[in-house]
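Just so you know, the protein sequences line up as chains A and B, in that order.
Heads up, the first sequence is in this note's numbering, so the first residue is 1 and it goes up one at a time.
Heads up, the second sequence is in this note's numbering, so the first residue is 1 and it goes up one at a time.
Don't read these hints as lab results, they were simulated from the structure.
Treat the numbers as computed from the prediction; the structure is a model and nothing was measured.
By construction, the Cβ of each residue, glycine as well, lies at the ideal position given by its N, Cα and C atoms.
There could be a bad hint or two in this list.
Unchecked claim - Which stretches of chain A does chain B cover? Using the computed rule of at least three CB atoms under 8 angstroms from a CB of chain B, they are:
no., stretch
1, 9 to 19
2, 303 to 314
3, 414 to 420
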Amino acid sequence: MKSRDVFSFSFGAVRLRKMRAGLTILGIVIGIAAIVALTSITTGLQVTITSELGAGFSSDTVTVSTQSFRMFGGGTSDFTLLVNDTDTINEIEGVQTSAAIMSKSVMLDFGSTELPLSVTGVEYTAYASIYSSFVAEEGSIPETPVNNSVVIGSRVTDPWDNGTVIAEVGDTILISWTHRVGLEMVEENYTAEVVAILEEIGGFSMGPNDLGLYIPLSTAQSFFDTDEVNSIAVQLVSDDEELIETVSQAIEDAFDGLVTVTSPTALLETMSSVFDIISLFLIGIAGISLLVAGIGIMNIMIVSLMERTREIGILKALGMKSRTVLGIFLTEALVVGLVGAVVGVVTGYSIAMIFAAFSGGLLGGMPGRESSGGPSSSLMTITPILTMDIILGAMAFGVLVAVIFALYPAWRASKLNPVDALRYE
Amino acid sequence: MTTVLEVEDITKTYMMGEIPVNALRGLSFEVESGEYIAVVGPSGSGKSTLLNMIGALDRPTSGKLMIEGVDVSTLSDNQLADTRKNVGFVFQFFNLIPRLDARGNVDLPLAIAGVPRSERKKRTEEVLTSVGLEDRMHHKSSELSGGERQRVAVARAIVTNPAFILMDEPTGNLDSKTGGEIMDLVKQLNEKQGVTLIVVTHDQYIGQQADRTLHMLDGVIASDVVN
Ligand SMILES: Nc1ncnc2c1ncn2[C@@H]1O[C@H](COP(=O)(O)OP(=O)(O)O)[C@@H](O)[C@H]1O
Ligand SMILES: [Mg+2]
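Based on the provided sequences and hints, a complete structural model is requested.
What follows is the structure, encoded as structure tokens:
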């Protein structure tokens with residue numbers, strides 16, 4: 001029997017039992033759709049996060065801090081980093097430059113409402129040389145520290161994204177900082193002139209962000225009356241992994257192991273391995289649903305085998321060989337698997353797109369909530385990514401599951417003795 | 001006349017669990033090309049079993065069964081399947097495939113034999129016309145009467161031009177008029193084209209039409225009479 005005839009015979013058998021075939025296909029569709037949706041969302045998310053993180057910090061930069069930067073938790077020590085620790089760091093072989101970063105939570109006061117933000121004291125030039133995203137869109141970043149100057153992130157001008165512009169270059173803004181003196185809370189005010197607005201940065205970053213306020217480090221030292229800094233960003237002479245390794249070690253040694261040096265590459269690696277685990281886990285769950293679909297196929301084929309015993313007897317009496325009977329049953333599974341896989345891929349991708357649109361709207365909508373006070377630090381959009389690998393992999397998996405679970409019933413059908421099959425009532 | 005079938009002392013024992021059932025208990029006969037043989041006998045005497053052996057649906061337990069000079073009991077499953085392509089079967093309950101129309105059913109043996117589509121279309125139409133179903137080609141078996149269904153079955157049996165046509169109670173489910181028409185059709189094939197016909201039947205009419213009658217009783221041939 002020619003394969004074209006085998007195919008049309010099988011196709012006819014599938015089409016006859018539309019309801020049954022539909023339900024079997026549905027099982028495959030659900031499994032494949034789940035896999036495709038989850039994979040394309042996690043891939044999209046991973047790409048978004050890694051690229052935004054990648055843009056946020058240069059690969060030749062490490063961050064020195066007193067707290068261990070881990071995904072889950074991390075302790076602090078009593079040890080503090082000071083402004084002039086950069087001198088120690090700058091002497092280490094392989095270090096290009098370093099910038100101390102002092103961050104505090106403040107209120108941005110503009111009459112009717114207050115906006116909680118964080119203000120960061122940095123040396124503009126060193127900071128800009130480390131983070132290429134620290135560039136002015138409007139105005140200019142002064143090269144030498146200018147007292148009472150502030151550089152603001154692009155979204156500080158219009159934090160709710162609704163046209164209420166609160167600060168432009170040349171405006172003065174009032175930053176108020178509340179801290180404890182003895183038992184009392186003291187509010188201190190700092191009036192600063194906006195000298196520059198940064199270009200839009202977007203996403204996460206270890207460096208500047210769109211909602212940041214940047215004042216000269218010396219100003220921050222006197223305003224906050226401290227020499228303690230949160231972290232020191234260190235730029236190395238190259239992004240060679242070995243160099244990052246040795247310099248990180250040298251920095252830790254210089255501070256007797258009391259600091260933690262985080263390299264962006266290591267962070268990216270940690271994040272992507274976490275993502276790999278998450279997506280593997282999700283795909284595992286989706287895989288189980290596909291397995292269930294496979295068992296459904298097997299079950300339905302065994303039932304249909306009993307119903308079609310006589311048909312198999314007829315085919316064999318007409319001279320059909322066992323392997324052709326096997327071929328017919330496997331082709332039926334193939335048709336079911338293929339249709340299920342194709343519909344599953346389309347459905348899965350649609351689900352991913354709907355999810356992305358929904359979650360994008362959700363995340364994008366958040367800063368608009370005035371009641372929640374502050375705008376979210378950044379807006380993140382996920383674009384599901386459907387690669388050819390995902391498509392082909394999912395289809396192959398769907399078809400494979402269908403065919404594998406059909407093997408046993410098909411084999412049983414092919415082994416039927418024609419005399420017994422024809423006697424079957 | 002050439003001998004197309006030689007049956008030599010064949011037996012067939014089925015196992016019903018532990019209990020052996022001796023359906024055939026040693027029977028021998030020969031069939032010449034172009035003969036029309038009626039096989040009669042009480043129910044359970046082994047007529048269908050014998051027909052299944054002749055049609056290469058099954059192998060005998062012992063003895064020799066030569067179809068056109070080839071011993072069936074030595075054949076592999078695949079060779080047995082190929083032998084069936086040279087046999088046309090007609091069953092009491094028609095055994096058509098319900099989802100296929102008349103043409104699809106008649107087309108099936110040709111498709112199984114790997115005949116190209118272009119030839120098949122012409123051949124199926126020709127055969128369906130010869131059994132008087134030219135205007136029923138696209139009817140499913142559920143849309144056909146019993147007589148029409150059996151005509152489709154006959155068309156399916158003859159479409160490959162087999163050496164034998166084996167019929168197991170072909171008129172058992174038809175009224176005598178319709179049954180007579182079917183048998184007249186088959187008789188014509190036998191006379192005009194020299195097709196060898198072996199028909200298991202309870203039907204008196206067939207008994208009279210046939211050249212020779214085999215009486216079976218308890219798995220043996222009780223008498224072998226030339227009419
Ligand atoms: N596949 C089978 N398995 C077990 N017993 C069978 C089988 N086929 C036939 N028999 C038994 O063999 C005997 C002959 O059956 P059969 O050839 O169908 O008789 P007939 O067609 O003359 O009525 C019966 O007793 C029947 O029950
Ligand atoms: Mg019988």
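Outcome of the hint check:
1. 9 to 19: Held - the stretch 9 to 19 of chain A has 4 residues with a Cβ nearer than 8 angstroms to chain B, which meets the minimum of three.
2. 303 to 314: Three-residue rule met by the stretch 303 to 314 of chain A, so holds; n is 4.
3. 414 to 420: holds (count 3)
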